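Trainee: One letter stands for each residue in the lines below.
Number of protein chains: 2
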Amino acid sequence: MTSNREIHLASRPQGWPTADNFRLVETEVPTPGPGQIVVRNQFMSVDPYMRGRMNDVKSYVPPFALDEPLDGGAVGEVVAGGADGISVGDTVLHGLGWREYALLDGRSARRVDPDVGPVSAYLSVLGMTGLTAYAGLLDVAAMRPGETVFVSGAAGAVGSMVGQIAKLRGAGRVVGSAGSPAKVARLTELGFDAAFDYHDGPVRDALKAAAPDGVDVYFDNVGGEHLEAAIGAMNLHGRAAICGMIAQYNSAEPPAAPRNLALVIGKRLTLRGFLVGDHGDLREQFVTEVAGWLREGRLSYDETIVDGLDNAPDAFLGLLRGENLGKMLVRL
Amino acid sequence: MTSNREIHLASRPQGWPTADNFRLVETEVPTPGPGQIVVRNQFMSVDPYMRGRMNDVKSYVPPFALDEPLDGGAVGEVVAGGADGISVGDTVLHGLGWREYALLDGRSARRVDPDVGPVSAYLSVLGMTGLTAYAGLLDVAAMRPGETVFVSGAAGAVGSMVGQIAKLRGAGRVVGSAGSPAKVARLTELGFDAAFDYHDGPVRDALKAAAPDGVDVYFDNVGGEHLEAAIGAMNLHGRAAICGMIAQYNSAEPPAAPRNLALVIGKRLTLRGFLVGDHGDLREQFVTEVAGWLREGRLSYDETIVDGLDNAPDAFLGLLRGENLGKMLVRL
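Residue numbers (my numbering), protein chains in the order written: chain A, 60 to 391; chain B, 60 to 391.
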């Protein structure tokens, strides 16, 4: 084996993170103890929620520690050690990304079948990303056939799944917002009924034009102006699944909040925040249904792949700037 | 019969309403047609939601019309006409307050039993007010025994019911906010575990002291700073029933919104607006349970009664300024 490399959090970002907040550290490839495995990571995920973990604030997901490796979703091949049901040569999904070799307890890894699709899919459409979209849309927001769905950040990994799953589950109309003409064009290819670039004017106006009969379900990845516009557009008994608020993750100031929140009373709206970790009970149903759509060619997913661990910080920064189409991944 | 008097909306308030927005108009006592009844109103209700109806904005409750009588909950005696199951001499609950004599279709009135309690109770504890508290707490927010409940505007008609029902249904701790020392003292008498005057400092600090282990259910009558503080204090999987936002009804500017709304994600909070009209299915259960508590002397309710239709606008203005303890009513 060669040496190992990992990315540490060198300092906590104030506002937008920069390359200085990260440090590439050389270490040794670890040796497994009893019940442990060593995984050579093939892909690691960078996700918007990681920005929150870089702040030193009490939260229900603990913050990253300074001068320690970051972590997050990763998939790779077991190269040493072993555990109940996991052997050298297996492909596993686990939570110790941001490093080339991961040492972990076998019980913290889940074997995946590399023959179902490319292993990267377990970090995107078949993984946490896909389940986030599935659970948020169908469980948290309880979308019903015939309803109008609005998704912000719709060209991202989660958003593009939300829109497609909505159509496949019988939504009457699906509208997405994104941050570039190319992304808007991609949404149309993916089957969205309408899409707009939020740089082109007030979100409220664009949403009114795209969903003239109002919105029943809003899947929020963005927050801020998008959330306010969605509350304004929502129909009676509308539901919002609040998944992320990327518009404010890098704000040093308290963010803009929806000034029209009182509308939730007269319109009897429900706004519900969620984390995918609460919805593991849906995983089996999710994998069955989504894998079926993939086999039938009815569901597409995009990946934006960056090569090399040393480029992982850049991949993350690019994600925050919206440079990805679909899932942003680092190939190691 | 004598002449009739009613209160019209003379002009739409900008910000805080004043006496000039109302006009006392003399008319004739109406004559019932087939299936109609004439009710001599004994009590009429003034409620915070009426402020919203004075604005000419599209909403799910239509605005009051200019130069027409206002309306709202009232109870009185049938003095003329008749309809299926309703005869002269009956006491009925209906929706045409703000006038001394009401003409209405018999199907729009509901007979009530004046022997169960004072007829005013059908406008407060046994009426829409009580059902609002009951449905919001137990259905919308789904309070469970042992939980900590925070109610804003807790000395008001709805708030004081919420706190007491919470205790009677097994809440672990009930905290209320109110706008004067006398109201705070009354909350303690009503069995609240802690209460504070929101004028005494930041709501956030007072709430932290009153509910050191956080809040599971927030019943919002106030909005603004109270809602932000509640979101900050809420525990994992907390639920907010959004009933009213009286802090902003008279604001000419867009109101302050909760700047910490992103916390709904990590804490998996649910914010749900509601109107009592959607919860009629609970009425029978509500009346049975609440009437039982009243008989057993386990539930108290306050009424602030103003005499005379000409004083109804003052009663309404006093309500918006928080001059009431419990339900604000006008005796005609």
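It is worth saying that the hints were derived from the structure and are not from the lab.
Any given hint could be a false lead.
[Said to hold, decoys possible] Distance condition first, Cα-Cα at most 30 Å in a straight line; then the derived BS3-like pairs of lysine-lysine:
id: 1; chain 1: B; residue 1: Lys267; chain 2: A; residue 2: Lys226
id: 2; chain 1: B; residue 1: Lys226; chain 2: B; residue 2: Lys267
id: 3; chain 1: A; residue 1: Lys326; chain 2: A; residue 2: Lys226
id: 4; chain 1: B; residue 1: Lys117; chain 2: A; residue 2: Lys326
id: 5; chain 1: B; residue 1: Lys117; chain 2: B; residue 2: Lys226
id: 6; chain 1: A; residue 1: Lys226; chain 2: A; residue 2: Lys267
id: 7; chain 1: B; residue 1: Lys117; chain 2: A; residue 2: Lys117
id: 8; chain 1: B; residue 1: Lys267; chain 2: A; residue 2: Lys267
id: 9; chain 1: B; residue 1: Lys267; chain 2: B; residue 2: Lys326
id: 10; chain 1: A; residue 1: Lys326; chain 2: A; residue 2: Lys267
id: 11; chain 1: B; residue 1: Lys117; chain 2: A; residue 2: Lys267
None of these values were measured; they are calculated from a predicted model.
Trainee: Are the Cα positions of lysine 326 (chain A) and lysine 226 (chain A) separated by 30 Å at most?
Mentor: The given pair, whose Cα atoms are some 25 Å apart, holds under the 30 Å limit.
Trainee: Please verify whether lysine 267 (chain B) and lysine 326 (chain B) have alpha carbons no more than 30 Å apart.
Mentor: Distance ~17 Å between lysine 267 (chain B) and lysine 326 (chain B) Cα, so the pair holds.
Trainee: CA of lysine 117 (chain B) to CA of lysine 267 (chain A), is that 30 Å or under?
Mentor: 16 Å, holds
Trainee: Against the 30 Å threshold, does the CA-CA distance of lysine 226 (chain A) and lysine 267 (chain A) hold or violate the hint?
Mentor: 20 Å, holds
Trainee: Take the C-alpha atoms of lysine 326 (chain A) and lysine 267 (chain A), compute the straight-line distance between them, and say whether it is at most 30 Å.
Mentor: Holds, at about 17 Å.
Trainee: Are the Cα atoms of lysine 117 (chain B) and lysine 326 (chain A) separated by 30 Å or less?
Mentor: 11 Å, holds
Trainee: Are the Cα atoms of lysine 267 (chain B) and lysine 267 (chain A) separated by 30 Å or less?
Mentor: 41 Å, violated
Trainee: Does lysine 226 (chain A) sit within 30 Å of lysine 267 (chain B), going by the straight-line distance between their CA atoms?
Mentor: 45 Å, violated
Trainee: Could you grab the alpha-carbon distance between lysine 117 (chain B) and lysine 226 (chain B) and see if it respects the 30 Å cut-off?
Mentor: 38 Å, violated
Trainee: If you draw a straight line from the CA of lysine 226 (chain B) to the CA of lysine 267 (chain B), is it 30 Å or shorter?
Mentor: 20 Å, holds
Trainee: Checking one constraint from the list: CA of lysine 117 (chain B) to CA of lysine 117 (chain A), max 30 Å. Satisfied?
Mentor: Roughly 41 Å separates the two Cα atoms, so the pair is violated.
The earlier numbered hints that this structure contradicts are 1, 5, 7, 8.
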